[in-house]
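For chain A, the structure is supplied; the task is to place chain B on it using the hints.
Chains as they are written, first to last, in our numbering: chain A, 1 to 77; chain B, 78 to 191.
You can take every hint at face value.
Here are a few chain B residues that face chain A, going by a calculated C-beta distance under 10 Å: (1) 153; (2) 154; (3) 172; (4) 173.
It should be emphasised that the hints constitute simulated quantities derived from the structure, not laboratory data. Computed from a predicted model, the values in this text were never measured in an experiment. Don't be surprised by glycine CBs; every beta carbon is placed ideally from N, CA and C.
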Amino acid sequence: MPIAQTDLETILREGFPDAEIAVEDLAGDGDHYKARIVSTAFAGLPRVRQHQLVYAALKGRMGGELHALALETSAPA
Amino acid sequence: MTETTTANPVHDFIAGAIADHPVVLFMKGVPEQPQCGFSAVCVQILDHLGADFVGVNVLQNDALRQGIKDFSDWPTIPQLYVKGEFVGGADIVREMFQSGELKTLLADKGLLEA
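Only chain A is shown next, with the shape it has when bound in the complex (with noise of 0.2 Å):
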């Protein structure tokens, strides 16, 4: 079940009003998306908190609609 690119930026701006937001579809199938992600909201955070915070924004697409978005996330420097 595929995901529009542009609803995938929306959704992660949502979650992420501050961030540098970079989404990339990695197939050109609307399900294989590569997203890099710089928010304030990583500051100290590990990896995989980091993640987590995305996937929470995602609000239960991840792993379902969507099969593969592989993270990129920082804070800014």
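For chain B alone, coordinates are given in the frame of chain A:
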């Protein structure tokens, strides 16, 4: 991560597996034959580092496939545990391998042959 005794047999199985084995990869397929590219990458990395690990195939059982996601509060597979602690999924394992952190983590815990 809170691990309390539960009435959930799947959670008990997972808790037992990560207590009994220092390095556990919950994956799709078995280490000799992964059935997903992300699981395959994690196997390759662990093999490359020379880590002795146990692979648990979540495809053998739907309750386990869902149970590991609930247990770790993590929606995807593979998932790597080292000494009972959740390290991360495929992206984190790859990043930690590339930065050398994974090798350091395993070596610090005495899990790599010198």
